[in-house]
Amino acid sequence: MEESIRGLQQEIVKFEIQAQADLEAFRLKYTVRKGLIAALFGQLKLVDPADKPRIGQLLNQLKQTADAKLTEAEERLASTESSSSNKGIDLTLPGRRYFTGSEHPVQKVLGEMKQIFSAMGFGIATGPELELDSYNFDMLNFPPDHPARDMQDTFFVTSGNPGSDVLLRTHTSPVQVRVMLDQKPPIRVICPGKVYRNEAISSRSYCVFHQLEGLYIDKKVSFADLKATIYSFAKQMFGTDVKLRFRPSFFPFTEPSAEVDVTCYLCGGKGCKVCKKS
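For what it's worth, this note's numbering labels the leading residue of the sequence shown as 1, then goes sequentially.
No lab work stands behind these hints: they were computed from the structure. Treat the numbers as computed from the prediction; the structure is a model and nothing was measured. Hints are supplied without guarantee of correctness; some may be wrong.
Stated by the list, open to error - Lysine to aspartate or glutamate pairs mimicking EDC-like chemistry, simulated, CA-CA at most 20 Å apart:
(1) LYS184 - GLU213
(2) LYS29 - GLU81
(3) LYS235 - GLU112
(4) LYS14 - ASP67
(5) LYS194 - ASP67
(6) LYS63 - GLU16
As the list claims (entries may be wrong) - Beta-carbon label-pair distances, calculated as ranges:
(7) ARG76 - LEU44: 31 to 39 Å
(8) ALA78 - LYS34: 19 to 27 Å
(9) GLN183 - PHE99: 35 to 43 Å
(10) PRO94 - ASP225: 48 to 56 Å
(11) ALA38 - GLU75: 19 to 27 Å
(12) SER202 - ASP182: 16 to 24 Å
(13) THR65 - LEU91: 32 to 40 Å
(14) ARG247 - ASP150: 28 to 36 Å
(15) LYS270 - MET180: 40 to 48 Å
(16) LYS235 - ASN141: 29 to 37 Å
(17) LYS273 - PRO248: 25 to 33 Å
(18) ASN60 - PRO94: 53 to 61 Å
(19) ASP182 - LEU110: 17 to 25 Å
(20) PRO94 - GLN64: 45 to 53 Å
We treat Cβ as the ideally placed atom computed from N, Cα and C, and that holds for glycine.
Please work from the sequences and hints to get the whole structure.
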C-alpha cells in the first residue's frame, strides 16, 4: 500500500492543470469522496495495526499535497481569467454616461416658454392646483350663475359654502389674483401650470391640460404692448419665418379680447394633419 501511496503522490505532482477542464478532471479523479485518495483511506482498515500510524501519516500528506495543488490551480486560473477579461481596458478613461431617461416634451416646451418670457423681464408665479371658489371665480368677476361654475364644467372637491368651495382650478388666473394681493405695481409675471376641466376625453382633448397666462400692470401700458409681447414670443418660439395675425375676438370673461393666428411651422401654411389644414 505504501508503494501505491508514493506512486499516486508522484502522479499528483506531475498532473498538469492548464485550464478549468483540467482542474475539474483533477478534482474528480483525486479529491472527491469517491476519488483515488478516498479509496486509499478506505483500505487503511486492512493495514497491519503496527503500520497504521505510518501509513495514515503518508495518506494525510498525500491528501494535503492534492488539496494544495487544487487550491493553487484555482487561484492561478481565476487570476488568469481576470487579467484576460481586463485586457485592453484603459482604466484612466472616463466612464460611460448612464442615461436614465429624457425630459418630458411638455416640460421641455414649458421650459422654453419660461426662458423666453424671463428674457423679456417677466417673473414666474405659481399657485395651488386645489383652489378656493373665491380665487377661481369670485375675484375674477364670475357671476354666481356663470356656466363655468356648473358641476358639468368644473371639478368640485367640496361644495355648499359660497366662496369657500374647494375645486380643481379651471385656469391659472387665480395665481394672478394671489400675485396682485401680495404685490404692488408694477407687476410683470407669467403663470404657467396645470388646469382642470370636466370635459369629454378624446384623442385630442383631456380633462387636464397646461396653461400659461401673463400679467403686466404698470403705467402707460397699452394694447400695443400686449401685441408686441406676443409677437416677440411667437417669433422666438416658432421661428422668425412664421406669419402672425393679430385679430379682435370675443371672450365673455375679458374685454377687450383678441386672438393670434400663427402659420404652421411644419407645413409653412400649406396645410397638414397637425394644423388640420387650417
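Hint-by-hint comparison with the structure:
1. Distance restraint check for LYS184 and GLU213: the Cα-Cα separation of roughly 19 Å lies within the 20 Å cut-off, and the hinted pair is therefore satisfied.
2. For the proposed pair LYS29 and GLU81, the alpha carbon gap of about 24 Å is over 20 Å, so the pair is violated.
3. At most 20 Å may separate the alpha-carbon atoms for a hinted pair to count; LYS235 and GLU112 meet this at roughly 13 Å.
4. At most 20 Å may separate the alpha-carbon atoms for a hinted pair to count; LYS14 and ASP67 meet this at roughly 14 Å.
5. Between LYS194 and ASP67 the CA atoms are separated by roughly 71 Å; this puts the pair beyond 20 Å, and the hint is violated.
6. Proximity of LYS63 to GLU16 is assessed by CA-CA distance (about 17 Å); at most 20 Å being required, the pair is judged to hold.
7. The given range of 31 to 39 Å is respected by ARG76 and LEU44, whose C-beta atoms sit roughly 32 Å from each other.
8. Range check, ALA78 to LYS34: Cβ separation about 26 Å, and the 19 to 27 Å hint holds.
9. Separated by about 42 Å at the C-beta atoms, GLN183 and PHE99 satisfy the suggested range of 35 to 43 Å.
10. Range check, PRO94 to ASP225: about 50 Å between beta-carbon atoms, so the 48 to 56 Å window is met.
11. Against the hinted window of 19 to 27 Å, the Cβ-Cβ separation of ALA38 and GLU75 comes to about 24 Å, which satisfies the hint.
12. One distance hint, 16 to 24 Å for the beta-carbon pair SER202 and ASP182, is violated here, with the actual separation near 38 Å.
13. Restraint check, THR65 to LEU91: a C-beta distance of roughly 39 Å satisfies the suggested window 32 to 40 Å.
14. Evaluation of the 28 to 36 Å hint for ARG247 and ASP150 yields a pass: the beta carbon distance comes to about 30 Å.
15. For LYS270 and MET180, the hinted distance range of 40 to 48 Å is satisfied, since their beta carbons lie about 44 Å from each other.
16. Taking the beta carbon of each, LYS235 and ASN141 are about 33 Å apart, inside 29 to 37 Å as hinted.
17. As the Cβ distance of LYS273 to PRO248 is approximately 29 Å, the hint placing it in 25 to 33 Å holds.
18. Separated by about 54 Å at the C-beta atoms, ASN60 and PRO94 satisfy the suggested range of 53 to 61 Å.
19. Checked against the given bound of 17 to 25 Å, the beta carbons of ASP182 and LEU110, roughly 23 Å apart, stay inside it.
20. Between PRO94 and GLN64 the CB atoms are about 49 Å apart, so this pair conforms to the stated range of 45 to 53 Å.
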